[in-house]
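Undergrad: Residue numbers (the working numbering), protein chains in the order written: chain P, 1 to 190; chain R, 1001 to 1115.
These aren't lab readings, by the way, just hints derived from the structure by calculation. It is possible that part of the hints are untrue.
Computed far set for chain R versus chain P, every beta-carbon distance over 12 Å [said to hold, decoys possible]:
id	residue
1	N1017
2	F1037
3	L1050
4	K1055
5	L1077
6	L1106
A partial selection of chain R residues facing chain P, derived with a Cβ cut-off under 7 Å [said to hold, decoys possible]:
id	residue
7	A1019
8	A1023
9	S1031
10	V1034
11	A1038
12	N1052
13	S1084
14	N1086
15	I1089
16	A1094
17	G1103
18	T1107
19	P1109
20	I1111
Cβ coordinates follow ideal geometry from the N, Cα and C atoms, glycine included.
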Amino acid sequence: MEITVRGLWTMIHGIGFGALYLMACSGALVEFYRRYRSPLGPEIEVEDERFLRIYLAAMAVLAWLTVLTGAYIIYPWYRAVPPPGTASLAAFPQRLLMSNPSTAAWHSIGMEWKEHIAWLVPISITMAAVVFSQYRRSLRIHPELRAAVLGFVWASLFAAGIAGFFGAMLNKNAPVAGGPTIHIVPEEQK
Amino acid sequence: MSAPSTASAPQAKLNPNGAGAAAVLAAGIGSFLVAAFAILADKAPSIKSLMNFYKPTGPLSGVTTCAIVVWLAVWALLHWRWSSRNVEIGRVTAAAFILLFLGLLLTFPPIADLL
């Protein structure tokens, strides 16, 4: 059982950070609705509010880690240009996709959309984390502000979903692989 | 989340909405800027080469760095102007949502290509 360094980084980016963000985002939305569904509901406890504050800050960290590893570690491998005369494009995912009309749109629409829309996620969730941290329980007396924060968290879920979907499909059609191999489990003797 | 406002005047005075409004509007502007800079880099070869901050990543590095820097600068400026007062939050959030929507829409390549 083995994995290449590029494959491992792609997994860390997509599953370790991206998919975890998507799951965390659903949790944050549930928490928001639970706490603020009624303006006449019981007062939010300090511990409860502290939990959501840390939770949103962790989501912001996850979102930044996702886009930064994506743009500065994996994307350069994805868009690498093969030297002239390269026979196999397996190590050059962008070129591999574009070399076939039936897969070219995974790059021209999928990657082109993913690489930009993903950046709306850290912007939105950083704002949500900071506003929640500033207003804490008093967000209850600012319904418009609360609705705006919630709207941006929904938008971040949508953007992360788009980026995650295309990330998975791109990796299925032209995986980012290569580099040194890490042997997780030694070869089995036959 | 369409609950009626429960903010009383004294409460709102003690805890003005300006800082939150600044953060929300700046996030809308930042979201729009990601799409706007991407389109500019795509349409103008001179801007595309200017945006090539980190060669392995290409113009994406400049597009996103510029959007993030301007977003943070706008946020700091709006925070400085609004943090101690109440602003018309309805209009601010409407503007922020329009910018966010445009950001989401204009990052979609078939729509960006129409411009």
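Undergrad: The structure should be examined with respect to each hint, and the outcome stated for every one.
TA: Do the hints match the structure? See the list:
no. : hint  : result
1   : N1017 : violated (5 Å)
2   : F1037 : violated (9 Å)
3   : L1050 : holds (17 Å)
4   : K1055 : violated (9 Å)
5   : L1077 : holds (15 Å)
6   : L1106 : violated (9 Å)
7   : A1019 : holds (6 Å)
8   : A1023 : holds (5 Å)
9   : S1031 : holds (5 Å)
10  : V1034 : holds (5 Å)
11  : A1038 : holds (5 Å)
12  : N1052 : violated (12 Å)
13  : S1084 : violated (13 Å)
14  : N1086 : violated (10 Å)
15  : I1089 : holds (4 Å)
16  : A1094 : violated (9 Å)
17  : G1103 : holds (6 Å)
18  : T1107 : holds (4 Å)
19  : P1109 : holds (4 Å)
20  : I1111 : violated (10 Å)
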